[in-house]
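Okay, here's what each chain looks like letter by letter:
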Amino acid sequence: MKKIITISLWEYVEKVKTKAFIISLIITPLLIIAVTLLPSLLLQEDSPKVEVIGIVDTSGIFFNYLESEFRKYELPNGQKNYVLVNLNQLNKSYEEIKKIADKDVLKNLIDGYLIIEVDENKDFVFGEFRSNLFGNFKVVGRFEEAINYIKTKNTLEKAGVPDNVLEKIQVRTIIQQKKISEGDKTSDLDFLTTFFLSVIFILLLMMMVVYSGQLLVRSMIEEKSSRLIEMLISSSTPDELLTGKLLGLSLLGITQILIWVLIGMSLVASSLLPISAFKNFFPMLAYFILGFLFYASLFVGIGSTVNTEQEAQHVTTYLSLILMLPVVVAMPAIQNPDFIVTKVFSYIPLTIPTVMILRLNVQNVSGIEIFFSMIIMVLSIFIVTKVSAKIFRIGILSYGNKPTLKEMIKWINE
Amino acid sequence: MLIVKNLVKKFNSTVAVDNISLTVNPGKIFGLLGPNGAGKTTTIRTILNIIKPTSGEIIFNGNPISYDYYNLIGYLPEERGLYKRSRVIDVLVYFAALKNLSNRNATNFADFWLKKLNISEYRNKKIEELSKGNQQKIQLIAAIIHNPSLLILDEPFTGFDPINQQEVKDLILSFVSEGKTIILSTHQMELAEKLCEDILLINNGKEVSSGKLSDIKKNFGGNNIRLGFTGDNSFLKHFPEIIKHDNYNNYSDIQLRDDIIPAEFLKKMIGIIDVNHFSVIEPSLNKIFIDLIRKNSD
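Listed in order, the protein sequences are those of chains V and A. Letter 207 of the first sequence, counting from 1, is numbered 207 in the numbering used here, and no numbers are missing. Letter 58 of the second sequence, counting from 1, is numbered 1058 in the numbering used here, and no numbers are missing.
Read the hints as simulated data drawn from the structure, not as lab findings. All figures in this text were calculated on a predicted structure; none of them were measured in a lab. Treat the hints loosely; a few may be bogus.
Said to hold, decoys possible - Chain V stretches covered by chain A per the calculated footprint, using a threshold of three residues with CB under 8 Å from any CB of chain A:
#1 6 to 15
#2 99 to 106
#3 349 to 356
To be verified - With a Cα cut of at most 27 Å, we get these calculated BS3-like pairs of lysine-lysine:
#4 V:Lys2 / V:Lys390
#5 V:Lys2 / A:Lys1084
#6 A:Lys1052 / V:Lys2
#7 V:Lys19 / A:Lys1052
#8 A:Lys1287 / V:Lys158
What the hints assert, rightly or not - One side of the interface only, derived from the structure: several residues of chain V facing chain A at Cβ under 10 Å:
#9 Lys3
#10 Thr18
#11 Ser219
#12 Glu230
#13 Met231
#14 Lys390
#15 Ile394
#16 Leu397
All C-beta atoms, glycine included, are put in the ideal place defined by N, C-alpha and C.
The shape of chain V in the complex, shown without the other chains (with noise of 0.2 Å):
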């Protein structure tokens, strides 16, 4: 026993004080977040200052209707937020104004503005804004639904249909969206934060297995080749150091998921997240773990065939594919339920830690098959252990080529 606590020691210190560790400590959950929250936080942001908005109303009748429908925006401050202007007011050809209203909108006189062209009705037939930037999605918006509406009250005002038609038309139909769960509780939780949230933590975990998969495999083939460890194994047996690597190895992982932790709860603190996003946190969590374990488990005993880096690549590549590979249907699993791969994905080791946090987000999980689930993982877990230390044992005294499957089956039998 002392000598597995000597073994993860080391394994975990001399780890951890890589320059590479403490760079995929802090920087990949920030990568992962900014990626993931900046989009949202963007388009959420309110341009807190007054905007100058031309209108160009050939027919006359639009802008007065739209400057009296604008007044209704305000200001945090309660200034108005928009100021319309009356293009037409100019007196001169359409073709001048044009002229006139763009270089006024590279001056940023004008932040923009509106053409309306109607035909010999004076109907809509064409609008066009215009400015500096793409992505007025919400000034475009309200012009949108305001002219729609002036659009369907003379339409039906020519029909001869009342007023009151109108106003009930125009009442929004709103349907809200709600995750029902045991007990009658309800929650109105914003799926895409969830799904976000299920993403954030199957990307980490997908790169915690990368990485300290990579890391585990490198250090191995240094000792390989340098036949350290035959000093090992001639100080310890193979099942001391393959326990010990992999409590090292564990021990990183939860250095790293304590400092996750306490990024994602300061990022609640500064409520940049709700902290309702945190509910299924326990479970998500256990299959985190899981998940690493049981990888980590995998990754010392092939790792332990593994000559050079470039096998090692291929090695770590392949199996962080299939951690991956659900996230593939994770669309399909969010629409159908009862989507036979997600079933199925649900009851593999190799994709339950991903399938169950995209699922716990989404669905309603039942609590017997998260049970099942983590008994499945926790037996995997034991069994891939096994199995690992078996290959480990003649693996790390094999040298030159790869042995095959053939040869490692003999081994597990041996």
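Please build the complex by placing chain A on the supplied structure of chain V, with the hints as guidance.
Below, chain A without anything else, positioned relative to chain V:
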């Protein structure tokens, strides 16, 4: 005392070690010799309990070798390497801890050996910053830091300059006087000849010769002389007394028929050539090695 009895190790159909027996007494250096691929490493690995023998017994101090013996064994593998990016002191303490030394003892012993081998100044350096020779010294310390009673050294001298070689040799001899059981595996016959009292020569997994080095030399064919002379050596082939001769720049090593008395042969030579050196010599281990392995391989 280490006793290996009828050791056999098979890998699939190939027999790596075929019925090898040896006895290593404490306070003596045992030479395990043989060409590349003879089965030395496999023999060593079974003694270390790294691999299980197919059959045969390995007994150390009266008990069959087991995992309990790990802390008594020191092993220096042939191919060298250490954790390159780790500090010297950390690596040494790690290996000592693996042999069940406490942290404090490990540090003390590490400092003791670093000082003894004159490399104290590298204590806190990373391994990769050290020269090859100094890295080898670190590895040697890692093998002996726990004061093992059975020491297995595979090619301990390669990579050292003559001064360091002398240092390592003195170190090994000091272990002999402490009564340690030492197995030395090497291709450097001159050093083996100077250090080993008993040897085992193996080829293709089988024993070729074994026993006291002095006995082996005596039995090998003893009637050898070294003859130094000026002039051409082609005359040597005309003498029926000579079985074999190896010619060098200024002298020839000559093996005479067993019934020839060297002094009589010298008298005969003086009449023919200008002799400037004459000595009766033992066959070198190097020569024994080459001759025996050649004969065995035929």
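| field | Hints the structure fails to honour | value | 2, 3, 7, 8 and 14
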